[in-house]
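Here the protein sequences line up with chains C and F, keeping their order.
Residue 116 in the numbering used here is what sits at position 116 of the first sequence, and the numbering runs on without skipping anything.
If you want the numbering used here, it's the 1-based position in the second sequence plus 1000.
No lab work stands behind these hints: they were computed from the structure.
Incorrect hints may have been included.
Claimed, not checked - Straight line, CA to CA, 30 Å or less: simulated DSBU-like cross-link-like pairs of lysine-lysine: (1) F:LYS1144 - C:LYS277; (2) C:LYS21 - C:LYS277; (3) C:LYS21 - C:LYS2; (4) C:LYS2 - F:LYS1082; (5) F:LYS1144 - C:LYS322; (6) C:LYS75 - F:LYS1144; (7) F:LYS1144 - C:LYS21; (8) C:LYS322 - C:LYS277.
To be verified - Computed list of chain C residues with no C-beta within reach of chain F, every gap over 12 Å: (9) ALA27; (10) VAL67; (11) ALA116; (12) ALA262.
Cβ atoms here follow ideal geometry from the backbone N, Cα and C, with glycine treated the same way.
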Amino acid sequence: MKCEECAPLMDEYVDGELDRKANESLAAHLAACRSCAALYEELRQEQEIYAHYRRDLEVTPALWTAVRARIEEEKPLLPPATVAPLGRRLINAFAFTRFSPALTAAALALLVVVGAALGLVRYLNSRERADDSAVASKGEGKAVDPPRSSDTAPPGRSKEDGVERNKRDGERVISVAGKGGDNVRKNTPPPASVETARRPVRRAVDPAREAVPFEPERESVMSAAVAGADDLLQNAQQDVDDAETARHVERVQLLLRSFRNARAVEGAHALDVSYEKRQSRELLNRNIVLRRDAEISGNVPARELLDSLEPYLLDIANLRDKPSRDEVRSIRERMRRQEIVAALHVR
Amino acid sequence: MKRLTAADAIGLESRPGAHRGAGTLMNSSEELVTRARRGDDEAFRLIFERYARPVISFIYDMVEERELAEELTQETFVRAYKNLRSLREGARFSTWLFGIAKNVARESLRARRRDGSRICLDEQAVLDLSSDASYAPDGRLLDKELNGVIQGALGALDEDKRLVFTLKVFQQRSYEEIAEITGFSVPKLKTDLHRARIEMRRRISPYLGAGNEV
């Protein structure tokens, strides 16, 4: 791509509106062309400035009260709410599973068939038992015990992948069962190979500059904390059925690790966390949406997990692009302390 | 600088990224809308909770007055409630809601023009802001003043450019969504957006120090 082709597309590139081919082509040009890269950087900084724009606005409870009052006034004038036909209601009842209507209808049909098959099997079994009883009583006059189903799990409990689900009155409680039984899993250090992979690269840091220094003792504690968080998140993920939430949690994990490992680049005066900030804003937005979805669908483990992640995302999103040592340290300290606490809350 | 809160962040919910591949989100909004259509007022309250902030922010950017923005936000949700059943099956609710908000805002602006009561925030007013501007030691304009400068520059755009700029830059809508909300063609909105950016840049640049060059 040439500069004269690149410039008119720059706005769309910044807006994320180019198709994949054009996007890649432009990105490749920016890597090679200093003047276009400078133009892109200007536009990017401009976006950053607008991202800081804050309106003096609040959505107060009074606003909802006013809306509700007006709705109540309008209600008598509105036609009655239509009740969907039974077929549509049945399909909508399964809409939360994210199946398309056609697939949902197919699933319903399959359920009916399976139910009918089970019913037939039971009927045949009961006929067989009745025949057996009739033969036995005819021949020897002995009662025949009804057949026992084997491998029946105790009611209300099922084991899955080392995580025990205690179902009490419809409640799902996350519990972590270690090798010793129903133990709360504490921070266990990761295996050596993982620890090696996590060891940060040491860079020379000029103590005269305000860079965040490398602190070995904190690093090992942080590693343990992140490992504990990994366990927590892994275990919670086992209980979190929603694939979307699991992917989101994985991304948050990566962000927290990146934030933990961020170091001042040689020659820089402070830590550059602009990437983590941007990621955090995106993830925060997603987190809130998923948390509310979990609330609506009654998925308590997911909601609790997402609740626990939100404060970190908020704090990182609110950092300046080049924050002070203390600002970064305070968040990392909280990550270290509260991840341990969060792990202890797992039951 | 005001800290980003969860309530602020939910305003970013209308970003295209929040909907792309987000089966959970779309079905949840769809589910709420389906329930609200059947007369479930609690579902409508949840819809309000989800969308009130982005809607009021958008309207405020258009009309530049807080109390008026609150009134018009009320009007938007009341109209949405009344017309829920007219929402096409499969249509994206947030786009439809923003379409209502756009209409409500434009009607208000038209009425103000007719009344002659609009206070134009013109170039002079924007320049006057600079006399009260405070600068941080490194030359950055302090956030409160920058907010005022941005607001002033936004108010100086013509309506179409302000509409498109707000939807793209502040509400993070895709071109396709903006076209649906505004009724503009994609080429027109791209042109308006490009020109809006140039005008905003021109107005804001004089107030930015070394730290905030545009």
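Against the structure, the hints come out as follows:
1. F:LYS1144 - C:LYS277: holds (21 Å)
2. C:LYS21 - C:LYS277: It holds: about 28 Å lies between the C-alpha atoms, which stays within 30 Å.
3. C:LYS21 - C:LYS2: holds (15 Å)
4. C:LYS2 - F:LYS1082: violated (53 Å)
5. F:LYS1144 - C:LYS322: Holds, at roughly 20 Å.
6. C:LYS75 - F:LYS1144: This hinted pair is violated, its Cα atoms lying about 43 Å apart.
7. F:LYS1144 - C:LYS21: The given pair, whose Cα atoms are some 41 Å apart, is violated under the 30 Å limit.
8. C:LYS322 - C:LYS277: Answer holds: C:LYS322 to C:LYS277 is near 10 Å, not above 30 Å.
9. ALA27: The assertion about C:ALA27 holds, with a minimum of 18 Å to chain F.
10. VAL67: violated (5 Å)
11. ALA116: holds (29 Å)
12. ALA262: Nearest chain F Cβ is 19 Å from C:ALA262, so the label holds.
In the structure shown, a violation is registered for the earlier hints numbered 4, 6, 7, 10, in ascending order.
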